[in-house]
Amino acid sequence: SQQGEEDPQALSIQEGENATMNCSYKTSINNLQWYRQNSGRGLVHLILIRSNEREKHSGRLRVTLDTSKKSSSLLITASRAADTASYFCATSRGWPQAGTALIFGKGTTLSVSS
Amino acid sequence: DTGVSQDPRHKITKRGQNVTFRCDPISEHNRLYWYRQTLGQGPEFLTYFQNEAQLEKSRLLSDRFSAERPKGSFSTLEIQRTEQGDSAMYLCASSFWERGATQETQYFGPGTRLLVL
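Top to bottom, those sequences are chains H and U. Heads up: the first sequence runs through residues 1 to 114, numbered per our numbering. Heads up: the second sequence runs through residues 1001 to 1117, numbered per our numbering.
Bear in mind the hints are in silico, worked out from the structure with no lab data behind them. You may find that some hints are simply not true.
Straight-line C-alpha distance at most 27 Å; calculated DSSO-like pairs for lysine-lysine [to be verified]: (1) K1057(U) - K26(H); (2) K1011(U) - K106(H); (3) K106(H) - K1071(U).
Note that this is a predicted model, so its numbers are computed, not measured.
All chains should be built: construct the whole structure from the sequences, respecting the hints.
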């Protein structure tokens, strides 16, 4: 079963606008990761935020984590057509010693038009 | 440096046939994962290996599914007596983990898309 849900399921914006996606999860986590998937392709790792971090930046990406609300958000600033993809949050159930099978949400499909 | 590769990229088969997929992880990665993704859903964990040992299998991995990683390098996933419900994208991921690490990043291959007619 899937850990949580991304919101919204689909998002359409214009180039240059910001895109915000939210993710909720159900159980305690070690860390939370965001992945991007272009249509019919594999997943690309974007960013990892640990459970003791509240915010993290990577280029045009900003991720926040609120463990009290069991939620995370991904902000893509100044979006480009190339950002068109599906975005997934993923949590790992336990510590690396136990193996970190990722649990994914259903994803947010982002469409950026020029 | 090559990433994770998977072969074949697409497979069409008839119900009841057996299929085998291969995954070549990033060199020196000691962990290898298999996931399945159906349309409109996120990937779901199937199984993982640390070196050649298969350490965990999901309930999704029925007895028709078998995975191996004989020398701790490439891995194969075989589905016997395929069913239409097996149609999905099968994703492989690899990672390097060492004792004491507190986080792990999985790198995904392009996937094998299976269609069972």
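Taking the hints in turn, this is what the structure says about them:
As the CA atoms of K1057(U) and K26(H) are separated by approximately 22 Å, the hinted pair is consistent with the 27 Å bound. Among the hinted pairs, K1011(U) with K106(H) is consistent with the structure: their alpha-carbon atoms are about 24 Å apart, no more than 27 Å. As the CA atoms of K106(H) and K1071(U) are separated by approximately 34 Å, the hinted pair breaks the 27 Å bound.
When the structure is compared with the earlier hints, a violation turns up for hint 3 alone.
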